[in-house]
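Chains U and B, in that order, are what the protein sequence lines are. Okay, so the first sequence: first residue is 1 according to our numbering, each after it adds one. Okay, so the second sequence: first residue is 1 according to our numbering, each after it adds one.
There could be a bad hint or two in this list.
All copies of an identical chain are treated as equivalent in the list; a pair is satisfied when it fits inside any one copy or across any two copies.
[Claimed, not checked] In silico DSBU-like pairs for lysine-lysine, Cα to Cα no more than 30 Å straight-line:
| id | residue 1 | residue 2 |
| --- | --- | --- |
| 1 | Lys-217 | Lys-142 |
| 2 | Lys-138 | Lys-121 |
| 3 | Lys-261 | Lys-121 |
| 4 | Lys-138 | Lys-206 |
| 5 | Lys-142 | Lys-37 |
| 6 | Lys-121 | Lys-142 |
| 7 | Lys-217 | Lys-37 |
| 8 | Lys-138 | Lys-260 |
| 9 | Lys-138 | Lys-220 |
| 10 | Lys-260 | Lys-217 |
| 11 | Lys-37 | Lys-260 |
| 12 | Lys-121 | Lys-206 |
| 13 | Lys-37 | Lys-138 |
| 14 | Lys-260 | Lys-142 |
Read the hints as simulated data drawn from the structure, not as lab findings. Nothing here was measured: the structure is a model prediction, and the numbers come from that model.
There are 2 protein chains.
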Amino acid sequence: MAKNGKSGKSSKKGKKAQPNPVDLAEARRLEVTAGFKLAEVDPDSTPGLSDRSVGEELFVARDAELAELQERMYAQARADVPNAPSVLVILQGMDASGKGGIVRHVFGSVDPQGLQIASFKRPTEEELAHDFLWRIRKQVPKPGFIGIFDRSHYEDVLVQRVRGMAPPEEIERRYDAIIDFERELVESGTRVVKIMLHVGRDEQAKRLLERIDRPDKHWKYNEGDIDERELWDEYAEAYQIALERTSTPEAPWWCIPANKKWYARLIVKAILLETLRGMDLEWPEASFDPEVERARLAAS
Amino acid sequence: MAKNGKSGKSSKKGKKAQPNPVDLAEARRLEVTAGFKLAEVDPDSTPGLSDRSVGEELFVARDAELAELQERMYAQARADVPNAPSVLVILQGMDASGKGGIVRHVFGSVDPQGLQIASFKRPTEEELAHDFLWRIRKQVPKPGFIGIFDRSHYEDVLVQRVRGMAPPEEIERRYDAIIDFERELVESGTRVVKIMLHVGRDEQAKRLLERIDRPDKHWKYNEGDIDERELWDEYAEAYQIALERTSTPEAPWWCIPANKKWYARLIVKAILLETLRGMDLEWPEASFDPEVERARLAAS
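Construct the entire structure; sequences and hints are all you get.
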């Protein structure tokens, strides 16, 4: 986020530069850089935004800008602008960390026609017979789209590591394969935004209990969630390694404290807004001569 | 809609039965039945809803119900309920009749994770080499989803008829093929809602001019739009035939006056709401024993 000068991307466009509701200089510390320690991120904290109501108010006020930037990006692809850009938002986190809520509440304010949502479950037999990126590549966003991955290729170095589903040397290979894959995406015009929703162990228990107790939440509960929960420390280690090894300047990880749902949603929306602002999105040029078309229309 | 007793579907559930903001007894006349004449539908009219502000206010108040019904449907599929239902909304209309705005404004209030949007452009060579329903079948909504077709298989009896892109006997065959295809969908648990946005000739000119004039709308303009516009009467005839022949009790057409965008959006949302209300959507049963899981969670 351009504000504190740390980023290469700059939101030059003066026209729309109202302040982001979030103090991004502060929130930027959530970006994973050298020396990152997951254990030091407090899932209860709300860096850059102490007052929920002020944040939400300013947040809603930015919806129109977010929607317009998304439409500009979409318009470029529709108008066949060469190398029209796209955005890929990768969401990771333990069960009940709030991934679904992010999709619903953050992306609910942009045109659903411009979204391409992919949810990655346990791989099928066919998927397992291919390289781990095979099923992922098929779902990368089309030009002009905001792609959202609800879980992703990171499962292949998270659950697969924790559960020993692949040999250590294969897991090892995957970190570099992921970096190469994401670099390829970035080079072909996709901004890659990686979000880890960092929920605390007690907060997860509370949320799982709600899913067990409430009939309108039963469908979100899976008996396997507790098996995973029992491997909490192993997952924490796998996340620490994955984030450390794959957070690159062109495709950085953000580790977002997620015990407060409102906070996680606000921050992710702020990151999305800054990402789009940094893309210099213009309306595409007319591919026709307005004078000629006005005359044709009048005569029709 | 159940209210005036004309429909077989009834929104039995008492629990959520707040009035629909739209007078559906009146709006129901927009459903295409025997004797329908497109020429008699005034695109400027607003049947069932004279006061825009009252309608919009009540409309927003129904957003939560709409979102919940959609979530119930989605939950059924996620919980592997056998024969989980889905909804398919088919949008047709001349250029600039407001199809995109419907997707954005009507479906913008439900969870984007439960939407499956398909936009049908001019068919590719590969698509043309297959039966006209080949590309359509691939996009029918998965169980639990609301599918939206922005244009559809009806193009194959509209533009293809008007432009003579297929022989008359093939066009003729397609009406029945469409009826069979849609019946098949309905029998497998998909509610089919067909919306024709009826824009007037002058209003279309106004909207096309805006696309020619405004840089933020250029991308929506296509020089071919005027070629189609010049065949207005031929299209009106093709629509008349298509709507007349393919509006069935299980998959009826709605012909919606569309000169007033707010009106078309409100009506489509009302139809969607009534459709979901009529589906008896319950939260799926727990697939686990809450007592057991509570204990497992506590021990974890």
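Hint-by-hint comparison with the structure:
1. Lys-217 / Lys-142: between (33 Å within a copy, 21 Å between copies)
2. Lys-138 / Lys-121: both (15 Å within a copy, 21 Å between copies)
3. Lys-261 / Lys-121: Within one copy, since 23 Å is at most 30 Å while 40 Å is not.
4. Lys-138 / Lys-206: Neither: 36 Å inside a chain and 41 Å across chains, both beyond 30 Å.
5. Lys-142 / Lys-37: neither (34 Å within a copy, 41 Å between copies)
6. Lys-121 / Lys-142: both (21 Å within a copy, 16 Å between copies)
7. Lys-217 / Lys-37: Neither: 33 Å inside a chain and 47 Å across chains, both beyond 30 Å.
8. Lys-138 / Lys-260: neither (33 Å within a copy, 40 Å between copies)
9. Lys-138 / Lys-220: both (26 Å within a copy, 28 Å between copies)
10. Lys-260 / Lys-217: This pair counts as within: shortest intra-copy Cα distance 19 Å, inter-copy 39 Å.
11. Lys-37 / Lys-260: within (20 Å within a copy, 56 Å between copies)
12. Lys-121 / Lys-206: within (23 Å within a copy, 48 Å between copies)
13. Lys-37 / Lys-138: neither (33 Å within a copy, 46 Å between copies)
14. Lys-260 / Lys-142: neither (32 Å within a copy, 33 Å between copies)
The structure is inconsistent with the numbered hints 4, 5, 7, 8, 13 and 14, although it conforms to all the rest.
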